[in-house]
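Protein sequences appear in the order of chains A and B.
Everything in the first sequence is counted per our numbering, starting at 43 for the first residue and increasing by one.
Everything in the second sequence is counted per our numbering, starting at 13 for the first residue and increasing by one.
Just so you know, these hints were derived from the structure itself, not from any lab.
Be careful, since some hints might not be right.
To be verified - Okay, the calculated bits of chain B under chain A, using three or more residues with CB under 8 Å as the criterion: (1) 53-64; (2) 97-109; (3) 138-144; (4) 196-206.
Said to hold, decoys possible - To give an idea of the chain A side of the interface with chain B (calculated C-beta under 10 Å), a few residues: (5) Gly-68; (6) Phe-119; (7) Leu-167.
Every value quoted in this text rests on a predicted model; they were computed, and no experiment measured them.
Glycine included, each C-beta is placed from N, C-alpha and C at the ideal position.
The residues making up each chain are set out below.
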Amino acid sequence: MTTQQRHDAQRGDSNTPGLEGREAHGSLRGYIIGYVSAIALTIAAFVIAPNTNMAPFSVVAALAVLAIAQMLVHLIFFLHINTAPAQKINVTAFAAAMLIIAIVVVGSIWIMGHLNRNMLPMEHLMQMQR
Amino acid sequence: MSSDVASLDMPSEEPGVQLPSRQHVTGFGFYLYLLSDGILFAALFAVFAVLRTATDGGPDGHMLFSSRNAFIETACLLTSSFTCGIAMLACDRRNKFVALVGFLVTGVLGLAFLTLEIHEFADLIAKGDGPGRSAFLSSFFTLVSTHGLHVTCGLLWLGVLLVQFLLRGFTPAILRRFLCFSLFWHVLDVVWIGVFTFVYLVGGYL
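Given the sequences, and given the hints that come with them, work out the whole structure.
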């Protein structure tokens, strides 16, 4: 019981995944920076999306970059994932999850896109089955 | 209470060697759960990307999605994530009033988000564009409502936590639960960035 209180009162030690020291949840300044930059990135995305002067591919690319930037802002300023040595295990787990996510998303789009292109048109296929 | 705490928080035999506290173990485990939740959402995003054009002659994203609605939902969720962070800072400083107000605002904004989403779903289903209309709409409803279900669970969790907090104040267990809740809530906002970008903006305009 006393041990638990001592640990929790300190809220962190040097080998803590995800928490370091007293300022475990960042600072007010960090949250405000994160909030303002997230708002800016969101507004930029909503302004760029209806733009008809840009090629559709460049709009998608721009939106993807803005989304990834905003996710990074959230991870750094709200979830406090950083490159501090104490967070090595957090970053490793995060990288492993990102690898799986990339394989799932890119792999699905890639494979299904090829299948879609290589498949006969539906009417043709149905005629062949008769 | 003491038996399971002791197993994780046994004082070390050797002086100077600190074992991780229960909060750190729980926090890290919850973080791993959140990463696996991210993989779940990645799979649903992949399904949506693949089925985006499979509308079966029905309406596509251009006709259905309102970016104004998505913008208000984004604003609600982003602000609630911010107030959740402010409440966590107040927990660090053991400021009961600010923590309570912060979490209440978080809950109200989450509820506003959920109301908007349910209205949108009800409108779509009333127009006959429910999840049964096409593969595209099935994947849309699965992705967005899985996120909505997470928000609903988060709100229930927050409600229970706030009652416990009012009854007991800042105990180690409640601080640990608030930590997990705040991680959960921030990750839901990260997932929502993907939803509004790839579903409402890319799907609605391109």
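The hints, checked one at a time:
Counting residues of the region 53-64 of chain B whose C-beta sits closer than 8 Å to any C-beta of chain A gives 7, which meets the bar of three, so the coverage hint holds. Look at the region 97-109 of chain B against chain A: 6 of its residues bring a Cβ nearer than 8 Å to a Cβ of that chain, three or more, so the hint holds. Counting residues of the region 138-144 of chain B whose C-beta sits closer than 8 Å to any C-beta of chain A gives 0, which falls short of three, so the coverage hint is violated. Counting residues of the region 196-206 of chain B whose beta carbon lies closer than 8 Å to any beta carbon of chain A gives 6, which meets the minimum of three for the stated coverage.
Hint status for A:Gly-68 relative to chain B: holds, with the closest Cβ pair at about 7 Å, below 10 Å. Proximity of A:Phe-119 to chain B holds as hinted, the smallest CB-CB distance being about 8 Å (cut-off 10 Å). Given the 10 Å rule on beta carbons, the hint for A:Leu-167 is violated: about 15 Å separates it from the nearest Cβ of chain B.
The structure fails hints 3, 7 (numbered hints given earlier, in ascending order).
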